[in-house]
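Visitor: We have chain A already, so just place chain B on it with the hints.
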Amino acid sequence: MVGEQVLIERTDFQRLLDALHQRGYNVIGPTVHDGAIIYSEIASVEDLPIGWTDEHEAGRYRLKRRNDQALFGYVVGPYSWKKFLYPPVLSLWKAKKTGKSFEVVPNTDEPPQYAFIGVRSCELHAIFIQDRVFTNGKFTDPHYQARRQKIFIVAVNCVQAGGTCFCVSMKTGPKATVGFDLALTEIIDDQRHYFVVEVGTEKGAEILQKVPTKRAQPDDIQTAKERIAQAAQHMGRQLDTTNIKELLYRNLEHPRWDEVATRCLTCANCTMVCPTCFCTTVEDVTDLTGTEAERVRRWDSCFTLDFSYIHGGSVRASAKSRYRQWLTHKLASWIDQFGTSGCVGCGRCITWCPVGIDITEEVRAIRQSELNRTQ
Amino acid sequence: MPKAKKPKVAVWKFASCDGCQLSLLDCEDELLAVADAVEIAYFLEASRAVVKGPYDISLVEGSITTPHDAERIQEVRRVSKFLITIGACATAGGIQALRNFKDVKEFISIVYARPEYISTLEKSTPIAEHVKVDFELRGCPVNKYQLLEVINAFLNRRKPNVPSYSVCLECKRRGTPCVMVARGTPCLGPVTQAGCGAICPAYHRGCYGCFGPKETPNTASLSAWWRKLGVQEQDLVRAFRGFNAYAEPFRKESEAYEQQ
Chain A
1 MVGEQVLIER TDFQRLLDAL HQRGYNVIGP TVHDGAIIYS EIASVEDLPI GWTDEHEAGR
61 YRLKRRNDQA LFGYVVGPYS WKKFLYPPVL SLWKAKKTGK SFEVVPNTDE PPQYAFIGVR
121 SCELHAIFIQ DRVFTNGKFT DPHYQARRQK IFIVAVNCVQ AGGTCFCVSM KTGPKATVGF
181 DLALTEIIDD QRHYFVVEVG TEKGAEILQK VPTKRAQPDD IQTAKERIAQ AAQHMGRQLD
241 TTNIKELLYR NLEHPRWDEV ATRCLTCANC TMVCPTCFCT TVEDVTDLTG TEAERVRRWD
301 SCFTLDFSYI HGGSVRASAK SRYRQWLTHK LASWIDQFGT SGCVGCGRCI TWCPVGIDIT
361 EEVRAIRQSE LNRTQ
Chain B
1001 MPKAKKPKVA VWKFASCDGC QLSLLDCEDE LLAVADAVEI AYFLEASRAV VKGPYDISLV
1061 EGSITTPHDA ERIQEVRRVS KFLITIGACA TAGGIQALRN FKDVKEFISI VYARPEYIST
1121 LEKSTPIAEH VKVDFELRGC PVNKYQLLEV INAFLNRRKP NVPSYSVCLE CKRRGTPCVM
1181 VARGTPCLGP VTQAGCGAIC PAYHRGCYGC FGPKETPNTA SLSAWWRKLG VQEQDLVRAF
1241 RGFNAYAEPF RKESEAYEQQ
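Order-wise, the sequence lines are chains A and B.
Its first residue numbered 1, the first sequence is counted upward by one per residue in the numbering used here.
Its first residue numbered 1001, the second sequence is counted upward by one per residue in the numbering used here.
Okay, chain A solo, but in the shape it has when bound (with noise of 0.2 Å):
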């Protein structure tokens, strides 16, 4: 039943994707790759990150052993799901030529259904936001909503915060609330390791019976209760967002965005690692007879002299007014165009700047500066 809370033990778990699996879905879940948690296919509980955890600080990330077995005992990877439902790389369409006209074969392949295991209440947010870009009514993108209408997700609430959160702050966490098919808390004691499962749709309902569960017992509920809890108390950072968007504004001429000109490396990691950054650049192709041609789309970043060229050059030149862009509108202007922060707190874009360049940090010195000047 929607809304009710049940338990799956651990050794359950595998149940959960099995049953997924016989429903068709292509399973995706965090794995230890390449040094950092990565969301990939999954096939069965063993692929998961068993008994690991991730550190998080301004440039730095590190994979570590924790003292226990848990599934989802890290924070959040490097790559949010929004590579599989806005792909990095995608081909639009492809031409051929007919005698002397050309004949458009649009791309029709069908998206894989995917089922995401371990989406955390920051990309949850992250996913919403995306909605309001891509299937707003007016523009929709056909090929996000075609896999966007399919997922599946298991949500799983954070009972640890990652050295660079601050979900608290942008209040899109670290419980999962909504738009979640299965919602899960794990929890480990001495004698036991089970989850706590808030089923959030009627396909949620559907795919638990298939998977043995319990009536989960208020204490049960209680202990999941406190250690999201905990979590909330445990931020790694924080960003004060009262009246941001007028704060920002008034400061478009500010010498701290000259500061972080100086450290910014415009190499649009923090664009690319974001979960909610949605820029991309189209470039056609031909081939050597020229009697073929294809529109790719590829992620682009607006830390690129390429994005805001124009007729007569790049409007964007200076590495000022290209970070200065980006937290903006991350922060101000995405309120004006979609009516929400595009900023959900997870961090990424902090852990993972070459140079440790933190949001935060860029935010409370332009706050601080007019506090300062009004002493």
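Hints are computed from structural coordinates only; laboratory data are not their basis.
Just so you know, even glycine gets a beta-carbon here, dropped at the ideal spot from N, CA and C.
From the structure, some residues in chain A lie toward chain B, with a derived Cβ separation under 7 Å:
| hint | residue |
| --- | --- |
| 1 | Gly35 |
| 2 | Cys267 |
| 3 | Asn269 |
| 4 | Thr286 |
| 5 | Leu288 |
Guide: Frame of chain A, contents of chain B only:
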């Protein structure tokens, strides 16, 4: 309608290792299509059969290091409609531009028994310092897909899709976690132009900067972070003095640390 005449392509070699020309032969699957689309008119590494110029497209490999080559490149320019330089030697002076930081006469006296037989220039310089270049393709060696893309674009009269942003975008698109952040491995990727497909980080190595400086590279910020990772100043000098040592942003960065 009579079939249009195939464009004539010439491949020229200056001071270089031949690796970039080989990239053309390495096209394998696409080589027949290339040979079908163009007339390979001058390509000594592939064939000694030579068709006289002028040529529609000249691919120039290598840097200018001798007085003779400085004259020869003028002749190549005269017989070429489009001149495309390929590789780090032709676009930045190559690894041999390390001589530019030293006194070449000293090298000659040490290396050669009869230094008076050697006729060389003091500096190894890119082709664009000598003649007008229509397009520069980076890399040590160039990437075969980028090479095909450039030939393809010229044949179809369109702009080549050869971005000048960082290697980081390629790492991210292929899903490689950042080696600097996740492993503490110094990487030149954030200041290096994309094009190789981000090969080294995919094998847990830092980028060596084979494709030269990206657009607006912030080398000073990257160096400062490398120092925090424990890289010594002399090693920073070496890192920037690779195949693109004489490309201006890399040259200036290495010189900044050499002086300290």
